[in-house]
Amino acid sequence: MEAVTQYLLTGLSVGSVYAMVGLGFYVMWTAAKAVNFNFGDIFMLGAVLTVVAMDQGIPLLPAAVLAVVVAAIAAAAIERGFVRPFNQEANAIGWMLTTIAVGTMIESATTALFGSNPRGLPSPLAESPIRLGGAGIYPQELLLPVALVLVAVGLELFYRRTMLGRAMRAVAWNRTAAGLVGIDADRITLIAFGLAGGLGAMAGVLIGPVVQASSTMGGVIGLKGFMVAIIAGIANARGVVIAGVLYGVSEKFIEGYLSTAARDAIGFTLMVLLLLLFPQGLFGRKEIKKV
Amino acid sequence: MSGKALGWLALALFAAVLAAFPWTGDLIGERWPTSYELRLVIRAMIIGIVVIGLNLLVGFAGLVSLGQAALYGLGAHVAALLSLRAGFSFIESMAFAVAIPAMMGAVLAFPTVRVRDVYLTVITIAFGLVFVNILRDWVSVTGGASGLANLPRPTILGERLLATRAASFNYYYIVLLCLLVALWVQYAVAHSRYGRALRAASQSENAARALGVNVVAVRTLAFAVSAGLAGLAGGLFANLALFVNYETFTFTASIELLLMVILGGAGTMAGPILGTGTLFAAQQFLQGLGEWQTFGYGLLLVLVLFLMPKGIVGSLAALRARMVAKPEARETSAWPNWGSGLETITAAPDERGQVTMAASGLTLRFGGLTAVNSVAMEVRSGTVHALIGPNGAGKSSLLNVISGFYRATEGEVRVFGQAVANAPPYALAKLGVARSFQNTELFGRMTVLDNVLVGAQPHFRSGFVETILRLPRFRREEREALAEALRLLRFVGLSDFAAEEARNLPFGHQRRLEIARALALRPKLLLLDEPAAGLTHGEIEDLVKLIRGLADRGMTVILVEHHVDMIMAVSDRVTVLDYGEVIADGTVAEVQANPRVIEAYFGAGTGNGPQTEQTEVTA
Amino acid sequence: MNAITDLAAAEQPSPASAPILSVNGLRVSYGRIEAVRGVDLAVGAGEFVGIIGSNGAGKTSLLRAVTGVLKPVGGSVRFDGADTTGLKSHAMVARGLAMVPEGRMVFADQSVRDNLVLGAFSRIGQDRAGVEADIARMIGLFPRLGERIDQQAGTLSGGEQQMLAIARGLLSRPKLLVIDELSLGLAPKILDMLFPVLTQLNREGLSILLVEQMASYALAVTHRTYVMENGRVLFDGESKALAGDDRVLDAYLGRRGKH
Amino acid sequence: MTAQARSTRPLATLALGLLAGLALGPAPAAAQRAESCIGISMEVTGPLANQGLMLRIAIETALDRINGAGGVLGRPLRLVIYDDVGEPARAVDNARRIGERDNCVVMFGGARTPNAIALREPLAEMGLPWIGAISAGTGVIEHPNGRNEWMFRVSMKDRWVTEYLVQQAKARSQNGKIAFVYEGTAWGQGALPDIEAAARRNGVALAGRETFNIGDQDMSAQMIRLRDAGVDTVVLWAVDRESANMLRSMDRIGWKPKIVSAWGLTTAFARAVGPLADGIMVAGTFNWNGPLSPEAQAALDAMKAKFPDRIRTTADLEQPSAMANAWDAIFILAEALKIAGAYDRTKLRDAMFRVNYTGIVADYRPAFIRGNQERMDAVLPEAYKLQAFHNGMLMPIEATPYGMRN
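Protein chains in written order, with the numbering used here: chain A, 689 to 979; chain B, 37 to 655; chain C, 3 to 261; chain D, 32 to 437.
In short, the hints are calculated from the structure, not lab data. Ideal Cβ placement from N, Cα and C applies to all residues, glycine included. Hints are supplied without guarantee of correctness; some may be wrong.
According to the in silico footprint, chain A covers these stretches of chain D (three or more CB under 8 Å from chain A) [said to hold, decoys possible]:
hint, segment
1, 251 to 261
2, 281 to 290
3, 416 to 424
Covered by chain D, according to a simulated footprint, are these stretches of chain B (three or more residues, beta-carbon under 8 Å) [what the hints assert, rightly or not]:
hint, segment
4, 192 to 203
5, 232 to 239
6, 280 to 286
7, 325 to 333
My request is simple: use the sequences and hints to build the entire structure.
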């Protein structure tokens, strides 16, 4: 029983990370029909830059905010410099390669400057866990699902209530039409990538204290976030959130009752099967293909 | 073309240089190349084989795989396990190292039936990750992370295969041989109906299906071939290193392979070689950067992608094209031009007056809305049957049902007397149903000639092996197809444009080409979806001549069109649709007199004067 | 239809003396295909100008180049006294040129109100009040939109979507409204109620450039009309005069003394 | 378009240049006469880059010492470093480069066991002596064919370490329920059979075997299973980051067994988990925080002097044992070269068996014994030392409150 509680708790927290990264992909995709393929590095920057900032004597909170802002700017810059020029005609894949290349640069630069060793990210919420019988969780980890809910709701409101959000949806729906009502689609896309970067970096900052900051922390999580987004049908925010959390939790139960070593093999296989059953993704809507 | 000769020359040179490379030392009197350089070149050649395979997938089939390293690794591990655990000989284990990944590749192709683009890419990524996870943690079989060590030294006829300066480097030549074979396979597939079908399917899947290309089948083939090559390379690697573990075949490796394809120039013959050579060499030379070398690697990639978006070969070709840019005037001949040799195209019509296409109770629904509502119509052979109606009347939907693109919700369609409910487009095409598209769906990046050749697809009997080995039947069929294609181009007056990329044709010419392409199927039933849209009156008159001519030669034509005067000029019979229902059917005169038709078009009480009447029919 | 003819008759063409839009030798091409081959065209302030021509004559390409949806390869566009050649469409909207695109392109996944608000994207910052007032005015103009104000635009009928597209365009308070294929896929009944609205707007001083395939309608409501074919302007003239002109039919229908 | 056109030619030439570059490069002198260089293939980039750096620090400092005294046989020893990015195939490329292109007299290895295993055959074929200072995999030295003549090691050996740790665990476990937790790498997986054997030899029935993969962030599942199996002592085989995450998982479920670990744990680990690290025991070959011999003190001072911004305190020696091993390895090599009397690989190989030397880790008499694979390892179990984390420092166990008291 306490095992189940444990899996639910940790699954929830790690799932929230997948979901938040997935939301980042969702925001990028809706705006540009392209993504920063190495988005995991933005996630990583969130945590690493926080540590760096704290080395300069800046206290945790401002350091975290600073890190998120810088990472968001980096994400936007990547859109401008490496996605836009390679996303001109429909279903181009240039952006995939350029973002991968940039990701390589970011990651290796971080390794060279920050070191290859993981560094702790001290947080008062990650010092001692809350115990529930034989299970337990760090307050820091409970922060993740909370943050996820806030982010998801905030995103929903942003898209529905704010002018900028409406504009983003307009761009997502039809760039030309958006331009014809006076929206600068390119600028909106830039902002979208920045926003996504903020989300990713925030996830990194929040999980950092539990798993430490290191230049390689982003890779796998970025990939899983992307897959989660795809499985959910990348054009559906709620779906991404649900899929992310579900995947996180199911990972824990796979570890608990099937195999820890083969966790990813099993998880990814499940993903592929789902994708084959629901080609548009679990929550994606199916469009009638025009001939 | 001299370009082709140039290509062969380059290949010969390339092969010669590689073959001579180990002996450089004897020429310059140095102990060089050492085993180190030998090994590097061997490894580069091996990776080149994988990249060539991937190029078939990415460059020709337009399917982006980020799991290729896994197939490479599968080959390596099959070879390693068979020689280590089952004592298979080099040749035997290599055979399986090719076969098993090829099968795996075919399985991997299945998802393309359901998913596309980024979704497919994600599946390949997942496949790669799963594979690595299994390699790393199925310790009992794969040796886990420690991998499989001490593979027996491979031998052929007792001859030990080595790759070192000191002893012997006969293995070098085995790898070189395999590389050349891979290059040949790439060439043979690319320059055959398979290559054309792959490129066609990637550029306009709909048009390809309409022209009798079984898209799923060719994609499966592409996957299998590229996986087979990856497996071959894997086997070669295992027998070179005599040690394999998962770390050589990770996601990162897959990315590198893809980068090599793009870097060299996807869809080109020499691209894989140049891409592999450049990137592989770069990895060695960036060693000097120490802890910054991966950074330099990324930087190099970014630079190349920015400066050579089409890859090395692509960009060089573009440059060459610009430098020898010759605006020699191209002669657009009149059309239709009923020369000799066109008989084959209308060779097998149904006999006159027979029902070629019959629909009954045909209904098509998308979710809520009903596009076609219990339509019944008959089209008799050798007639031109026009299908008209206001926008959204369901004309195109009906056409799409007849040509197999949409599945009828109810009712049945009979073509040439047989029920074809739910037959896929390519099957109908093989039966003799050809179609054109409202917004011309040409294969823009293929030459005009290749566009037509795709249409000849269903006439080929020679199989894949015959194609690869260039056996006589293949050669004959290729010759015939080429001849017919050229005839068709002359027929539509585009002979001079044969080598031009289709997307560069002016609009009117594109329509001509699309029709020529459809005719290459030698159809008995031809479906034209607004063929006159965007044509000038001159062109329309020619189009009328063409359609009439085909009908007079026994071909049946169903025509969706707005231009009233054109309809009047060509049609034997007209069916009028409104809100998906047939509201009138008869000769042009009857239909035009029909009050329901007028009502449907102009609304009650409007429309004054012949002018408005006609102009508005064009709405 | 008669209704429309009356309206047009009552309206005296305004002078093209002070053109709000003037296009000179404009050329547009896709790859190597030339869609527009050197077009000259002018719209006077307060004028209602039409462009007709068969499918593929280059009308839409011309508009797209004028409104900045795509870059012309040659020629110049002057709008409201400034050279706007090659400006992006969002910049053109800011300068007072709005376009109702072919196929309407409403934001189907957003409410009618949000569509209207987005129409005012370029000015919402400055005066929300003005925007609200304009929205009210649009509802006055098209009561159907008022009834459906909170529905998703995707659920509207074709006619209603066209109304929305027009209203959306007007919300940027344009000096010139460019309309591409107003009639596309619309039943004549609906057209009979849309065209008068345009005439009224024009009466109130709005300059309009209308691309229309239904020549009869265009000729009936506009002051002047350009006839295009093959990416060129064949000729232009007062719409009333052209209405009876046989050359129009020839160019348009490709009729060459047949039947 | 035009921009691209302009740039095409220079870039193409670059590409061709790179290709041609394969064919250039210095041609080595005759094989028998090797260069006075030491080639290393190790992780310069990637997650293990830090281990590579630590190795470099120790070796370069030792070489300075030697070259400062006039080098060996009148020639200074050069160091060439190549990155194997953690991929065995690249490691073999580098070995070939070191042995054939650079024609070095000896090669040093990095941290990763598979990369060393992949070298067995090529090294023998080239006749290139190899010295490992970290990679502890048993298979690195004990070759299946029983004929390892070229691969020497001045480091720990998993077979011996497992024996040692099992005994330590057995001595500390109250209920005798001992579990083995290892990372899913060649090093971790490779130790499993050794542990099983060691357990059998010591009459211990392992109460659990759990593994996790590099990058895993939560090991609750494994820890819950072990706790529910009543385990009270864990033998750990993993590196800093994952071990830290594992400790947090233990902390979550409120389970604190005794942990005796192989030498994957360093001060970085202690920094990451803070007080949770206290009392965790680690087997090593050397500890810089204990009383130091004059030689060791000199070595430490030299490293501080040469890398002032990297090495300030002993806590910055993030691979304490490995660095000591490397230090000794260099001097053993120097001794062997002197005995060999020439920069000749075969002579050097033979000389290695005749080296007697007192290093900071152990007294090597002799360093290696010919024809005995067991003794291609220079550091014997007797030299292993148990250490424990205390207040964030890795101390000799005697200097901590966790020494044996039973």
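Numbers of unmet hints, in rising order: Violated hints: 3 and 5; rest satisfied.
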